[in-house]
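J.: Between the sequences and the hints, there should be enough to build the whole structure, so can you do that?
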Amino acid sequence: MAAPAFDYAAAASYDEAVRLLAAAGDEAKILAGGQSLLPMLNLRLARPALLIDINPADQRQPSLAAGGAGGAARAAAGGAAAAGRAAAGGQAGHDGGSLLRLPALTRHRVLLEHDLVRRWCPLLAEAARHVGNVRVRNRGTVGGSLAHADPASEIGCCALAAGARIVARGPDGDRTVPAGELFAGYWTTTLAASEVITDVLIPAARPRQGWSFQELARRASDFAIVAVAALVELDERAERIAAARVALAGVADRVTLAAPGLLAGLAGAAAGRAGADIDAVAAGIAGSLRPASDVRASGAYRRRLARVLAGRALRQALARACGDVS
Amino acid sequence: MTRRRIALCVNGSERDAWVLPSDTLLDVLHDGLGLAEVRYGCGEGVCGTCTVLLDGEPVSGCLTLAVQAAGREVTTLRGLAGPGGALHPLQDRFLRRGAAQCGFCTPGMVLTSLDLVRRHLARGLGPPSRDDIRYALVGNLCRCTGYTKIIDAVAEYAALAAAGTPPAGTSPARTPPARTPPARTPPARTPPARTPPARTPPAAAP
Numbered sequence: 144m145a146a147p148a149f150d151y152a153a154a155a156s157y158d159e160a161v162r163l164l165a166a167a168g169d170e171a172k173i174l175a176g177g178q179s180l181l182p183m184l185n186l187r188l189a190r191p192a193l194l195i196d197i198n199p200a201d202q203r204q205p206s207l208a209a210g211g212a213g214g215a216a217r218a219a220a221g222g223a224a225a226a227g228r229a230a231a232g233g234q235a236g237h238d239g240g241s242l243l244r245l246p247a248l249t250r251h252r253v254l255l256e257h258d259l260v261r262r263w264c265p266l267l268a269e270a271a272r273h274v275g276n277v278r279v280r281n282r283g284t285v286g287g288s289l290a291h292a293d294p295a296s297e298i299g300c301c302a303l304a305a306g307a308r309i310v311a312r313g314p315d316g317d318r319t320v321p322a323g324e325l326f327a328g329y330w331t332t333t334l335a336a337s338e339v340i341t342d343v344l345i346p347a348a349r350p351r352q353g354w355s356f357q358e359l360a361r362r363a364s365d366f367a368i369v370a371v372a373a374l375v376e377l378d379e380r381a382e383r384i385a386a387a388r389v390a391l392a393g394v395a396d397r398v399t400l401a402a403p404g405l406l407a408g409l410a411g412a413a414a415g416r417a418g419a420d421i422d423a424v425a426a427g428i429a430g431s432l433r434p435a436s437d438v439r440a441s442g443a444y445r446r447r448l449a450r451v452l453a454g455r456a457l458r459q460a461l462a463r464a465c466g467d468v469s
Numbered sequence: 015m016t017r018r019r020i021a022l023c024v025n026g027s028e029r030d031a032w033v034l035p036s037d038t039l040l041d042v043l044h045d046g047l048g049l050a051e052v053r054y055g056c057g058e059g060v061c062g063t064c065t066v067l068l069d070g071e072p073v074s075g076c077l078t079l080a081v082q083a084a085g086r087e088v089t090t091l092r093g094l095a096g097p098g099g100a101l102h103p104l105q106d107r108f109l110r111r112g113a114a115q116c117g118f119c120t121p122g123m124v125l126t127s128l129d130l131v132r133r134h135l136a137r138g139l140g141p142p143s144r145d146d147i148r149y150a151l152v153g154n155l156c157r158c159t160g161y162t163k164i165i166d167a168v169a170e171y172a173a174l175a176a177a178g179t180p181p182a183g184t185s186p187a188r189t190p191p192a193r194t195p196p197a198r199t200p201p202a203r204t205p206p207a208r209t210p211p212a213r214t215p216p217a218a219a220p
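As given, the protein sequences belong to chains A and B, one line each in that order.
The first sequence runs 144 to 469 under this note's numbering.
The second sequence runs 15 to 220 under this note's numbering.
Rather than coming from a laboratory, the hints here were simulated on the basis of the structure.
Do not rely on the hints blindly, as some may be mistaken.
To be clear about the criterion: a stretch of chain B counts as covered by chain A if any three or more of its residues have a C-beta under 8 Å from a C-beta of chain A, and this derived list gives those stretches [as the list claims (entries may be wrong)]: (1) 28 to 39; (2) 56 to 67; (3) 72 to 82; (4) 149 to 158.
Footprint (simulated), chain B over chain A, 3 or more residues, beta carbon under 8 Å [as the list claims (entries may be wrong)]: (5) 149 to 155; (6) 174 to 188; (7) 192 to 206; (8) 274 to 284.
Yeah, the Cβ is synthetic: ideal placement off N, Cα and C, and Gly gets one too.
T.: Below you can see the structure in the form of structure tokens.
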């Protein structure tokens, strides 16, 4: 198969991309890494009249900045300086903590290998291992993955678990969208037709916080049947679970964050004796899901996988929060 | 949709091509420039037989627009050859290990594993393990089912490259001098005769 004819425009900046998008309306698609869009074109599942290539628009690398109200604005500062600042005094508590800023064009390969990502969002670095193959990871981008909104997306799953915020630029300027409000359904986001993702802001990993990413796919590099991302945070004495978050991919029409109420059973659980609580919470999360059946798996199998993988993810995240480095 | 002229550097040579916006890099390399080692397999970035190195990184030729390669450096399998077409040491390992069967996947396998070994050595990680090799090659499908010998060949090359002989994927040091045809037959194992068996004419219809 070959792609239907389309026109191509290289955007030298995100502003130019927004202008081109606004002029073309629904007829245009943004081209980032192209690893989902071009297969759709080659299979003629999409027929845009214009591709707007944002690859020339952004050469930035991941960076780390102090969080808080002004953090987003300052986060574009140089990576090394920002990293030093954060390492020195960036652990300013839950809301004022450091932010990892990923430019939208951050490739999956960079997620895997970049020191700042591995240090401050190891969840995402691990999840990137499961994304596609080496060629997909060389070209595919974090912003493109989020905008594509595949319900089995590892990146979207981690964005939910980590509480990421997405910066989108439109004709009226930038706005920030919590990951939990980005996904609207199969391959659909809440972004306006003339908005383009420029950055992803992720609260940096904190002390006494553990993480885990679990995925089952029929073949390595294939789409996840079910994937689970979990974060577990201990209280200040590192004795009890203070907070936990679980997000799942492959279980609904979009990546899904488990409702906080489903994790309430873990709050205050003793770190060394939380096994039964984890089992109950995992069963509760799975029970809340109504996954569809498709060519990869039945809905019932997916729900069972969700329970098993959520349990494994919570156990591993808890172990890491307790200092297990494996 | 008008064609536009792009200039790209293919295997060290500046090449021009007139391309449509919807032409892929695969279209231009295979159909336009006649580089038959860049192959159409699936068109979805899954099979890996259209793999080329774009500025040194493996990409799917079928998922990269030709216009996106303008001004960039593209390496196909034949770009690895040394003077006089001498085989690259990794190709040499493939040959000696019998890692190529029908050959359709081989260019992608070679380019992808070469990138793996280069990256491992550049990052000071030593030669990649067999698990590393399997992980890197998961997006390169061999439908002859010959993965074991491919992994053997890459592992052997990686060990040689890590030991410094030959330098990682740069020079064809182990190959014969230019213009001498490379010895294709390993001394110990004689491959089966290549001539097809004499065909008996089909029996007359009863």
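J.: Look at each hint and say if it fits the structure.
T.: Outcome of the hint check:
no. : hint       : result
1   : 28 to 39   : holds (count 4)
2   : 56 to 67   : holds (count 6)
3   : 72 to 82   : holds (count 9)
4   : 149 to 158 : holds (count 5)
5   : 149 to 155 : holds (count 4)
6   : 174 to 188 : holds (count 8)
7   : 192 to 206 : holds (count 3)
8   : 274 to 284 : holds (count 7)
Of the numbered hints stated above, none is contradicted by the structure.
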